[in-house]
Amino acid sequence: MILFDRAVERYADRLALVADDGSYSFAAVDVLSRCAARLLAAEGIRRGDRVGAWSRNSHSLLVLQLAVMRLGATWCPVGAYASTASASGYLRSLEPRAVLYEEGGLARMQDLRRAFPALVCVSTDHVFRQAARDAAVVGETASIHDDDGDDASRIVAIVPTGGTTNAPKAVMQSLTAFERLIEALRYCLEYDDDMPICLAASPLSHSAGAQAFAVWTLGGVNIVMREFSTERVLGQIQEKRVTHMFLPPTALSFLLAQPNLGQFDCSSLRSVRVGGESVSAARLKEAVDAFGPCICETYGQIEAPFLTWLDRKTIAAAAAGHHGERLSSCGRPTPSVTLRIGEPGQPSVLHERGEIVIKGSGVPCPYFGDVHAPADDSWHRTGDIGYVDEYGYVYLVGRARDLIISGAINVHAADVEAAVLALDHVRECAVVGMPDPILGEAVHAIVTVDDGYSVSETAIIAHCQATLGKLRAPRSVTFSLEIPKTGVGKIDKVALRRNLTERQDAGRG
Amino acid sequence: MNDLVQRLSTGVHPIEAGLRPERTAAALKDCIDRGYVHVRFTDTRGGTELGVPVDRERSQLAADFGQGVGQVTIVGDLTLDFVRVRCHAELDLQTLSGSGRLEPLTAGGNGTQN
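So the sequence lines, in the order shown, correspond to chains X and V.
According to my numbering, the first sequence holds residues 264 to 772 in order.
According to my numbering, the second sequence holds residues 20 to 133 in order.
Simulated from the structure, these hints should not be mistaken for lab results.
Among the hints, a few may not be true.
[Said to hold, decoys possible] Okay, the calculated bits of chain V under chain X, using three or more residues with CB under 8 Å as the criterion:
id: 1; region: 36–43
id: 2; region: 80–90
id: 3; region: 98–108
Glycine included, each C-beta is placed from N, C-alpha and C at the ideal position.
Assemble the whole structure, with the sequences as input and the hints as a guide.
Structure below.
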């Protein structure tokens, strides 16, 4: 809370939130969060309680997160797009004291309420409206004793991992880890003197939520979009003169595929941070062409966020041909991170592939329920495979678990995905290994293409054979209207494999 | 009434147009044409930049934007810190600054209450 409270002191009269129902200054958001904290306390929420937040994006979520933190309770967001079964199962594992739900969401919580009869269920809209009524009456005299104290080890949030290759794990963020995350984000936002105007168009439960807090610490304003819609995002950038955004690669691809993209004035953008998944070099170049030299990229994990950063100047230069290979990099380690390839503590061998291992202040964050919390100076194995070049740039190759062994050849799915994504009009691609009686696993690509275009299976396979060699190229391609996503919008390879297996089984039947 | 709204509703205050990436009369015209102008009250704690939807009937927008000469008055309604208000902003095209004020709107008054 200290970071937000400092921002209130400095920028009290600036706008902090712009919503459909009005604009709120820092002072007003401060009062709103205190009034909301009182209401939540009246519902019985206390210091140390875990409070689930099961809702799509809304400005009220940011205010309620502040309120929960003021009470000394733990904010536990659920992926905005998670299925009911997945979100419910995840929250059950956290044994929450309360769950905040969006309007109409109570019916989804039957399982949770059966499991925890004393569960407090609070509508986000209801508590926000009541807090707004209270705040309008009490003005700046509202006060509540902040119960966060200065206990740096206190758990302020529990956040689900992306769940790309496994069920999501619950990662605990201490106050130290949360503040480190915000500091790292401030660094990546490349702030100048002007007030940041940040559009939160992707789920606040993940990186966009942390970015919103970082923007506040810089005296910036957040505009929260309920759901991602390409035309609406572009309209908001143009009208509100948005300067900062966070976008997962999928959302970036949707924006770039918007047929009338060129009709929108996006010249106000200063920093569009892309992260959450690897993004292809072709897509980054396309983004620079469309939006100008404002694209940057970060790589990290929920357990260890902001490990590397590829700044906007480097991306713009690479897009113009200066060290073009850096468009395939995820940048250099951020200042507080020590990164190695291979074994912890051992020097990295340039251009040699291995597991990315890191250590740094406040990372890795421990998992909820883990008996053996990592020591402060421990190394964290990311499970990601990569290499570094002579300039210190890190190149991601793929997940260790996402390795396909096809005919005794190691094929990293990310290599194949990058090759397929380099083709014009391929919007998304996911590559998995499918059981094969001869090869053990066969490389299979699932592809979506831009509306109104078609790309043939033959063209994709031929292109990959030319760039990766015959052994690493896909044996087959499935075209799909969409690729299943996890609760935070990442490609869900577990669901993909299940769907493909079911289809295979049905074909045999 | 909210403290910020009360202060901005008392007297007139120095303002400037919030324009990105460049502060030019042409950029201001683009914003007016799109129907949404940023007006920054510079004498508040941190500066208060409001997004004002342009009410064309109440605004006076005739000026020489090409030469950057003249003055426009932008009027629009919005909700700030729980209070429905009308923003009045007079901007000189040469400096892109001027003076402005808020007018609280009440139900049954000049504006509508949300």
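Do the hints match the structure? See the list:
1. Remark: the region 36–43 of chain V is confirmed as covered by chain X, as 4 of its residues place a Cβ nearer than 8 Å to a Cβ of that chain, reaching the required three.
2. Counting residues of the region 80–90 of chain V whose CB lies closer than 8 Å to any CB of chain X gives 0, so the stated coverage by that chain is violated, three being the minimum.
3. With 5 residues having a Cβ less than 8 Å from any Cβ of chain X, the region 98–108 of chain V passes the three-residue criterion, so the hint holds.
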